[in-house]
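Engineer: Residues per chain, in single letters:
Protein chains: 2
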Amino acid sequence: MEDIILAIDLGATNILYGVANVKGDILYKNVLATNSNLGANYVLSKLANIIERLLAEHNKKGQVKAVIVATPGPLSHLDKIVYNSPNLHWNRVAIKKELQARLNHPTLPIMIEKDTNMAVLGEYYFGQDRQYSNLIYITVSTGIGGGIIINDRLYRGANGGAGEIGHLVVKPNGERCGCGQYGCLEALASGRAIAKQAQERIIQVGFPHIGSKEVGELARQGNSLAIAILDEALDNLARGLANVVNLFNPNIMVLGGGVIEGLQDLWLDRLVEKVLGSVFKLNAQNLKIEMTKLGGDIGLYGCVAAYVFFKEGQRV
Amino acid sequence: MEDIILAIDLGATNILYGVANVKGDILYKNVLATNSNLGANYVLSKLANIIERLLAEHNKKGQVKAVIVATPGPLSHLDKIVYNSPNLHWNRVAIKKELQARLNHPTLPIMIEKDTNMAVLGEYYFGQDRQYSNLIYITVSTGIGGGIIINDRLYRGANGGAGEIGHLVVKPNGERCGCGQYGCLEALASGRAIAKQAQERIIQVGFPHIGSKEVGELARQGNSLAIAILDEALDNLARGLANVVNLFNPNIMVLGGGVIEGLQDLWLDRLVEKVLGSVFKLNAQNLKIEMTKLGGDIGLYGCVAAYVFFKEGQRV
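Protein chains in written order, with the numbering used here: chain A, 24 to 339; chain B, 24 to 339.
Check each hint, because a few of them may be wrong.
One copy or any two copies: either way a pair holds, since identical chains are not told apart in the list.
Unchecked claim - Below are the DSS-like pairs computed for lysine-lysine, each with C-alpha atoms no more than 25 Å apart in a straight line:
id, residue 1, residue 2
1, K119, K236
2, K119, K83
3, K236, K69
4, K52, K84
5, K52, K88
6, K311, K69
7, K304, K120
8, K119, K304
Rather than coming from a laboratory, the hints here were simulated on the basis of the structure.
Using the sequences and the hints given, assemble the complete structure.
Structural biologist: Here you go:
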């Protein structure tokens, strides 16, 4: 009977959850809407419900060794408090404590990590097989975020706030961001930003809902406004990533998230060219930039990686 | 008889050099113009000359254990090659090899490190007494640069290019930078940038030479153009530092360099307020931002710190 873990990737839109063994085989997975507009209490109870149901089904012989939860940040690392989350709209929620209080399993270990940190652990361990000591993972999805591996360890900074790549200000006095600042990368190049631009600038849309996917479709059909919107977003994304490369000089930068996956054919080659062409030559040398192969399950893989590092006694 | 080292801080303008013991007492120091416009060969021979003279004077009993040189970057860490240095105008100079070839002391260890890395080592070890695991040092001088301590170790990145804080693009399509890009922090808030603005915008200067110091004097006298120039530079500097804080979440950010030292009374409080007010609350919590107490000798202290770490067998 093999040890298994419950892996939960809490997103602002969906909760992806599953059961996995320590080799990274995902034995079961499912997705539910987060409905974060209903508030923290609702979401926490929903998470507790999911965990209880998974335990009832998969823990008959006590084989579930831990619950690992990826949460949107900012997450204070030591006390596991979510602060002023622009995406969840949680102001100060002690996610670990609140979750434990809602569960009937006082001895079951719960590990909480910021979603982007979990993703970079998954990429480092399962995606790249631990071959790169300095790896940065960037998600371009509804929002934009990043996780950082430095010297083969997760880098969280002084209290868990490192890696807020989406909130690099790349355009002073630019569009307002959910975080309250103006001109953040997330406000210029995320799925939400592209959709907002499209709603404002593309009049004849022909789509009941217009998001980055639809803008991509229009661009492929030659729509000049859609092309302009994506070009601007791409320029800003490249500028943000170039800043990250000049600061961190990673071995590899891995990209993931629904938006960039959907726009890969339009964006990836140009993005790589723009970034490599604008950073210091030394920093461009040998730099790999590629898409993750883990797709939307990267957070679940990250949960497994976090558990493995924890079991190995490594400081992740 | 105590062990001593030769410490050399090569700058684009001056070469500061000295003799120090491992406790960080600077026993002798002097400064010479670099005259970097005369080319790499000239500068390397000058460095070799300085070293030979210091050895003749201070190594009579073999007490000099190493020569430690801080150089402007970008510096490829493994092969010690300076690449495309915007300040020295060196394109590809193997500084360690070239220096060794000019010296008559084949067994004397030579350590080379990027100047900003050396400075952050000095600050971490002598300035802050190793009490902060995640420390960022930023120099605002003729140029702008940074050094990074992560988890109590110098962070160089994959090949030595980490920490190029001066080349964060904070204003797309902004002023052209010496590195070839547009809108880099260094092109907007360095001493050179402030002087350039002053030369372009302040007509009645009353100063034979106008640099950041003179602009500061004019601002203190109420000159509105000087005030505007410094306010713009400060805004950009704050934006750059806020980006760094959101990415690295350091315990402490230490500032140094002639320009910010000269403008401290006008800038420091406002800079701290701007940075703390624009980063994530989690990242602002407990963040210290202060001036270095090591002044212009920070590079020399860094040479000592680098030697001490090397002797202790630590990977700096």
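Engineer: Broken hints, numbered, in rising order?
Structural biologist: As far as the earlier hints go, 1, 3, 6 are violated by this structure, in ascending order.
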